[in-house]
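Student: Turn these sequences into a full structure, and let the hints guide you.
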Amino acid sequence: MLLENMSMAFAAIRVNKMRSFLTMLGIIIGIGSVISIVSIGDTMRSLFADLYKDVGVTQAYFCIGYWVDDVRQSDYFTLDELERVRDVFGDQIDYIDSNAYASGEAITKEVSVNFNFQGIDYNYIDVQPVDMVYGRYLNEGDILGRKKNVVMDVDSARLLYGEENVVGRTFRTSLYGYVDEFTVVGVYKKEMSPFQKLMMGGQSDKGSAFVPYTLLTWPNDYFYYLHVYASEDVDLDAFFQQLKEYVANYKGREPEDIYMETAMQQMNSVDSVMGGLSAAVGGIAAISLLVGGIGIMNIMLVSVTERTREIGIRKSLGAKTRDILVQFLTESAILSACGGIIGITIGVGLVSILGMAFGIGVVIKPGVVIVAVSFSAVVGIFFGLYPASKAAKADPIDALRYE
Amino acid sequence: MAEELIRLKDLVKIYDTGAIKVLGLKRINMTIYRGEFVAIMGKSGSGKSTLMNILGCLDRPSMGHYYLDGIDVASMTSNELSEIRNKKIGFVFQSFNLISRTSALKNVELPMTYAKVGKKVRRDRALKLLDRVGLLARADHMPNEMSGGQRQRVAIARALANEPPLILADEPTGNLDTAASEEIMGLFAELHREGATVVVVTHEENIAEFTERIIRFQDGQIISDIRRGEGQ
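Chains as they are written, first to last, in this note's numbering: chain D, 1 to 403; chain P, 1001 to 1232.
Don't read these hints as lab results, they were simulated from the structure. Glycine included, each C-beta is placed from N, C-alpha and C at the ideal position. Among the hints, a few may not be true.
What the hints assert, rightly or not - Stretch by stretch, here's where chain D covers chain P in the computed footprint (C-beta under 8 Å, at least three residues):
1. 1059-1067
2. 1110-1119
What the hints assert, rightly or not - EDC-like cross-link-like pairs, simulated, lysine to aspartate or glutamate; straight-line CA separation at most 20 Å:
3. P:Lys1087 <-> D:Asp323
4. D:Lys320 <-> P:Glu1163
5. D:Lys109 <-> D:Asp205
6. D:Lys393 <-> D:Glu403
Tutor: Take a look at the structure:
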């Protein structure tokens, strides 16, 4: 009987092709936009997750809380203290530095270019891998000896010198007031996705370079931050809590006086904002599904009226209330489900095309597709219910007499 | 005579139009036996359509009893009546009432679909019935591709689908020309000879001539009930 109803429904839909299509259009647009919006949101979330993974999700910063009034000299970190933290926590820490940044004008005989300098330790390459194309990375000697050596990426090299192999070339800049000469010891290249470039390397008129973090000490060999990459196999929350307590204890402070920020926290908050955003926009798109459903109800009501006589004939031949109800419900459910399937195809297609255009791997969760299809079928059944029950209740004599 | 198929006992139908109540049928008592070929005649407003609706289980009497094939159907629910219509009655209407854009075969299969007959049995039986009314070659034609006489023959095939004890025809020739009318009435006569019980509602004397018993209605009452050729 179900098959019978389905073939009847398909026949009825075929008879009014144009009308059926227009009716489905509401559902097609609704499902299509829900799928594409939610998928775009999911894709963005996964892009940000990748971005954080690349930047390092195991990172954390510690410093004296900005809310603490009586900040003392001892609240800052020294190079010795960084060493001590490294010794105490050993394998649990992959990398540690002072998170020091500076900016200044790099001046050669020909040009002067704004540069960002990041103070790093020699093993920063372990947590932020780059491909060295010319020369070498900073080494332990550079760090301990506070050598005025830098490593820069190929783009910055081209910006400053007009070529890539610039090992041994020099430039002048001032960090904290003194003008000094710096030597390029290495040039690296970092592969980035188009999205990463968009998010990170936006300033093409500005160069960037790594310098020994021992050069960027302020004030007088004190650092404001403790910057740590935890090892990947530690329990991050527990470890950072432990580290925070250690730092507090060491500095003679309470743990709540220490400000801690982890990449994980940031990532989660970005993720939840993005998730909320895509749910909200998806919800708005879902309203169009409601509109589509009302369209189906409208057309089913017209169809029921048009087919009053057919309903009368069917009843005279022995169709029960339920038979008629199921017949019309099947029709509206199929109408809606077809719309849903077309909508999914269009939504998935659109997102995939966008993804290809931007060179991004798109995320389309099967759950979203399943929910969308079920929702469209539910819309069809819900909005088909009233017209179908109207049809089912028709009096056979009146229905047979209907012209 | 043979066993009773239809028995009406003190059957009354009142139409309640709100302000006034109209008496459609006034205490009808009537019996139709299995195997009879009966014409119910009367002018419009005589109550014959009302009777037709009640006999066809499309409507319920206000009072009294209607025994069809031994079952009192007067107080059944609409779903129970659907079942009775499906199993006990084969309808033939004035305007054919085939389902449009649906092949003759599918139309004939429809009552069997509602009786939940298996697909293959349904199809075989529908083809046999179309063959019986001489339209096997038209099985896949749509109603609008057929003449009135052909459509009515499809409707008769459909009426026979569940082998109902009663064939009920409401002005079956009302939309047909003389030749087609005679053809259709000839078919009913044939069915009657094969043992079917056929009740035809009509206002045309020449159509009633085909039958063996004419029940005349006027103002909601039977005014005459004549068997022709009784005892022949």
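Student: So if I understand the rule, the pair passes when the alpha-carbon distance is 20 Å or less; does Lys1087 (chain P) with Asp323 (chain D) pass?
Tutor: The hint holds at about 16 Å.
Student: Verify the proposed pairing of Lys393 (chain D) with Glu403 (chain D), using a straight-line Cα cut of 20 Å.
Tutor: Holds, because 18 Å separates the two Cα atoms, which is no more than 20 Å.
Student: Can you confirm whether chain D covers the region 1110-1119 of chain P, using C-beta to C-beta distances below 8 Å and requiring at least three such residues?
Tutor: holds (count 6)
Student: Do at least three Cβ atoms from the region 1059-1067 of chain P come closer than 8 Å to Cβ atoms of chain D?
Tutor: violated (count 1)
Student: Run the distance test for Lys109 (chain D) versus Asp205 (chain D): straight-line Cα separation, threshold 20 Å.
Tutor: holds (18 Å)
Student: Does Lys320 (chain D) pair with Glu1163 (chain P) here, judged by a C-alpha cut-off of 20 Å?
Tutor: At roughly 19 Å apart (the allowed maximum being 20 Å), Glu1163 (chain P) and Lys320 (chain D) satisfy the hint.
The structure fails to meet hint 1 from the earlier list, while all remaining hints are met.
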